[in-house]
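Peer 1: For reference, the chains in residue letters:
There are 2 protein chains.
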Amino acid sequence: MKILFVGTGLIGGSFSLALQQHKLMEQAGGYSRNPANLDKSISLGLIQQKFESLDEGISWADWVILSIPVDVIVKLLPGILDKLKPGQAVIDFGSTKGSICESVRDHKHRSQFIAAHPIAGTEYSGPEAAFPGLFEKKSMLICERELTNPDLVETFEKLCVKLSMQVDYLGATDHDRHLAYISHLSHVTSYALSNAVLAKEKDGSVILEMAGSGFASTVRLAKSSPDMWAPIFLDNKKMVLEAIDQYESQLKKFQELLEKNDLEGMMSFLTEGRKIGKILK
Amino acid sequence: MKILFVGTGLIGGSFSLALQQHKLMEQAGGYSRNPANLDKSISLGLIQQKFESLDEGISWADWVILSIPVDVIVKLLPGILDKLKPGQAVIDFGSTKGSICESVRDHKHRSQFIAAHPIAGTEYSGPEAAFPGLFEKKSMLICERELTNPDLVETFEKLCVKLSMQVDYLGATDHDRHLAYISHLSHVTSYALSNAVLAKEKDGSVILEMAGSGFASTVRLAKSSPDMWAPIFLDNKKMVLEAIDQYESQLKKFQELLEKNDLEGMMSFLTEGRKIGKILK
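Those protein sequences? They're chains H and V, same order as listed.
The numbering used here numbers the first residue of the first sequence as 1016 and each following residue consecutively.
The numbering used here numbers the first residue of the second sequence as 1016 and each following residue consecutively.
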């Protein structure tokens, strides 16, 4: 199987490395709006060849995997599906699924598309950040499975299982609602925390001296790529705003407990929050 | 030198292990309101002997190190200082310094007290969480140095340097203001994030399936001990509330950008937040 990776950064590049390591792909090609990234990706072994036009890459490939900002996926996906011949497929790895699924819901080649989201990542980005173990023991979420050719879904699921991934199926709206809370919100709170601290502490050496590993951990996601994340927030706007509202009401509750010196209430608030430790181990 | 550890959890226990590893202490004794912790601490090698009364421990020790909730430090410290003979010392490792320093500012034995704060920790607590490397390459902040006997400060600083720590000096109010932003705030945001997600997602298996390492990192501090953290927030109330206000104004800014679909403004917001990566490496 020949796969064209549109976007060969952390996610696309790591998926390619994993498939190569498991000998599940004959050849990896790459296409990017940024040609320098393609040369880097070849030298890092993420892909073996690059394509100067997307169309050329599509006609070469069996599968096309999109690991690019979600707004660009929405823009490109219908045109890519237009060009697919029978037996070819396109899979997107975007972090939101509603508008992407919506953009091709009635497309005549809809069954050749898999709406996927691998729950894996780091705060780094670009081809240099890719590594083959990124997806091990992680979840691959697939949305609107019923609209995809069952054989194609089965082939993709088997491939994910060979990469030690767990595959789960859910609706696109459900996906976006859960992810707003479990993923998008934590990115918002990290960026906001970083901005609050940077606005107050102008001297970076003070931050470095006083920041324990706890602060570094809490603010880690603020290192994530704005190119990837701004479109995710905008795309999932309604649910992200709802999640922020819920979060703010918790923050407000904490403030009130603190203002009232309510030790008992605060102990309950913290004890409730601590339960996340049992879930995440 | 014989040191009495009042509190032999993550911080006190780790400090004892580090001193033992570097052969900087003859014997470690322990006192705790929770006797079961002392037996565990002996079996883990954190201390060699336990004391059933604090007074007995104090008269045995050269130094007394307090690693207990900050409200308990404020309560115990004056009485401990009362009992010190010349040559003895007491050091506290509390995460706030203003009210602790205030509680003994005019004490006749003030010069035998060091107000210290090691910038080290994990989200775990108790004797089992202690390990000897916790303090390596971390900062030891010392407040109101000028009120402590210079020879005592010098001895303590040398000992910290032997544990590969960097020692810094600052005022107690400055300490509490910086820490409100750089440490306390990130604990508040983690607890609030955990509570917001737990309130929405009643099914822990959904969280586990959809949570990447990013969520786990952002919410990690919510696993911290409520017994330690509720008193810290209450003690540093004014500055923590100020830090939360600043944080909320950043969150509000993000919400407005999102509501207005302001991609350019959001890119600036995220790009600014991302600068924390250069400071923390």
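In case anyone wonders, no lab produced these hints; they're calculated from the structure.
Hints are supplied without guarantee of correctness; some may be wrong.
Remember, identical chains collapse to one label, so a pair may be satisfied in a single copy or spanning two.
[Claimed, not checked] Below, simulated DSSO-like cross-link-like pairs (lysine-lysine); rule was C-alpha separation at most 27 Å, straight line:
1. K1215 to K1153
2. K1038 to K1215
3. K1290 to K1215
4. K1253 to K1296
5. K1217 to K1253
6. K1055 to K1293
7. K1055 to K1017
8. K1215 to K1267
9. K1238 to K1153
10. K1055 to K1267
11. K1100 to K1173
12. K1173 to K1153
13. K1268 to K1252
Peer 1: If a hint holds in the structure, say so; if it doesn't, say that too.
Peer 2: Verification of the hints:
1. Within a single copy, K1215 and K1153 get their C-alpha atoms only as close as 37 Å, which misses the 27 Å cut-off; across copies the closest is 22 Å, which meets it.
2. Neither within a single protomer nor between protomers do K1038 and K1215 lie at most 27 Å apart by alpha-carbon distance, with minima of 51 Å and 41 Å respectively.
3. In the homo-oligomer, the alpha carbons of K1290 and K1215 lie at most 27 Å apart only across protomers (14 Å), although the nearest pairing inside one protomer, at 31 Å, exceeds that limit.
4. Taking the closest pair of Cα atoms, K1253 and K1296 never come within 27 Å of each other, the shortest separation being 31 Å inside a single copy and 34 Å across copies.
5. With identical chains, the CA atoms of K1217 and K1253 are at most 27 Å apart between copies only, with a shortest distance of 21 Å across copies and 34 Å within one.
6. In this assembly of identical chains, the alpha carbons of K1055 and K1293 lie at most 27 Å apart only when taken from different copies (23 Å versus 42 Å within one copy).
7. Only within a single protomer do K1055 and K1017 lie at most 27 Å apart by alpha-carbon distance; the minimum there is 20 Å, versus 59 Å between protomers.
8. In this assembly of identical chains, K1215 and K1267 lie within 27 Å of each other by CA distance both inside one copy and across copies; the values are 21 Å within and 17 Å between.
9. For a Cα distance limit of 27 Å, the shortest separation of K1238 from K1153 qualifies both inside one copy, at 21 Å, and across copies, at 22 Å.
10. In this assembly of identical chains, the alpha carbons of K1055 and K1267 never lie at most 27 Å apart, being 47 Å within a copy and 39 Å across copies at closest.
11. In the homo-oligomer, the alpha carbons of K1100 and K1173 lie at most 27 Å apart inside one protomer (23 Å), although the nearest pairing across protomers, at 73 Å, exceeds that limit.
12. When the C-alpha separation of K1173 and K1153 is checked against a cutoff of 27 Å, the pair qualifies only within one copy, where the shortest distance is 14 Å, while the shortest distance between copies is 47 Å.
13. Both within a single protomer and between protomers do K1268 and K1252 lie at most 27 Å apart by alpha-carbon distance, with minima of 24 Å and 14 Å respectively.
Violated hints, listed in ascending order, are 2, 4, 10; each of the other numbered hints is respected by the structure.
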